[in-house]
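Undergrad: Spelled out, the chains give:
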Amino acid sequence: DAMVIQNPRYQVTQFGKPVTLSCSQTLNHNVMYWYQQKSSQAPKLLFHYYDKDFNNEADTPDNFQSRRPNTSFCFLDIRSPGLGDAAMYLCATSRGSVSNQPQHFGDGTRLSIL
Amino acid sequence: AQSVTQLGSHVSVSEGALVLLRCNYSSSVPPYLFWYVQYPNQGLQLLLKYTSAATLVKGINGFEAEFKKSETSFHLTKPSAHMSDAAEYFCAVSDRGGNQFYFGTGTSLTVIP
Numbered sequence: 001d002a003m004v005i006q007n008p009r010y011q012v013t014q015f016g017k018p019v020t021l022s023c024s025q026t027l028n029h030n031v032m033y034w035y036q037q038k039s040s041q042a043p044k045l046l047f048h049y050y051d052k053d054f055n056n057e058a059d060t061p062d063n064f065q066s067r068r069p070n071t072s073f074c075f076l077d078i079r080s081p082g083l084g085d086a087a088m089y090l091c092a093t094s095r096g097s098v099s100n101q102p103q104h105f106g107d108g109t110r111l112s113i114l
Numbered sequence: 001a002q003s004v005t006q007l008g009s010h011v012s013v014s015e016g017a018l019v020l021l022r023c024n025y026s027s028s029v030p031p032y033l034f035w036y037v038q039y040p041n042q043g044l045q046l047l048l049k050y051t052s053a054a055t056l057v058k059g060i061n062g063f064e065a066e067f068k069k070s071e072t073s074f075h076l077t078k079p080s081a082h083m084s085d086a087a088e089y090f091c092a093v094s095d096r097g098g099n100q101f102y103f104g105t106g107t108s109l110t111v112i113p
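Residue numbers (our numbering), protein chains in the order written: chain H, 1 to 114; chain L, 1 to 113.
Quick caveat, the hints were computed from the structure, so don't treat them as lab data.
Every residue gets a Cβ at the ideal spot worked out from N, C-alpha and C, and that includes glycine.
If a hint is listed, it holds; no wrong ones were tucked in.
Partner residues are not named here, just some residues of chain H that face chain L (Cβ under 10 Å, in silico): (1) Tyr33; (2) Tyr35; (3) Lys44.
Stretch-level coverage of chain H by chain L, calculated; a stretch enters the list once three of its residues show a Cβ under 8 Å from a Cβ in chain L: (4) 36–42; (5) 103–110.
Derived DSSO-like pairs (lysine-lysine); straight-line CA-CA distance at most 27 Å: (6) Lys44/H to Lys49/L; (7) Lys58/L to Lys69/L; (8) Lys17/H to Lys38/H; (9) Lys38/H to Lys49/L; (10) Lys69/L to Lys49/L; (11) Lys68/L to Lys58/L.
Start from the sequences, fold in the hints, and give me the full structure.
TA: Shown next, in the form of structure tokens:
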């Protein structure tokens with residue numbers, strides 16, 4: 001089945017130690033998104049790629065970076081994680097800029113900070 | 001900017017009872033509308049979407065939603081709740097011509113045996 005896969009499902013890192021979360025997709029969608037979701041809250045968009053074009057949300061901290069080496073893969077890098085960065089991180093994809101198309105989500109990576 | 005309001009952050013229903021989860025949007029131009037469900041420690045799964053075809057939209061797991069332009073609403077319903085429906089439900093809108101979703105704050109559904 002075509003899908004969005006996030007690895008790992010659970011990630012533990014130390015305060016200030018860089019961490020990378022990965023997302024891959026077999027849907028061949030050209031838009032990929034990264035969301036941060038804290039407990040009992042809605043997903044918050046961090047940034048998205050439209051093909052290779054990177055679009056950062058205005059309030060996304062500089063601590064968060066992203067890479068998209070090809071259509072299938074996208075990475076979220078947190079350079080110096082703080083305790084406030086503990087959250088679920090969701091990757092999503094969608095087809096083109098056609099706004100009537102839904103976003104397809106992976107199962108997320110739950111990040112814990114020690 | 002577009003906004004989405006979900007009335008009721010927590011809803012409890014008895015098993016077999018009607019489920020009604022409310023969603024209102026703010027745009028004067030009808031957007032595209034979506035309902036997602038999220039089970040614990042999982043991603044969001046699409047339940048249904050409205051993209052300006054039929055105003056009554058049927059989705060998976062017996063859910064449906066009705067788009068009402070006059071009320072700027074897109075409420076989610078299910079005639080008979082099942083224990084497996086207990087989850088978090090998010091309403092989302094997408095502006096026509098854009099590729100960004102605006103999520104509501106979510107409604108946690110509890111089903112009482």
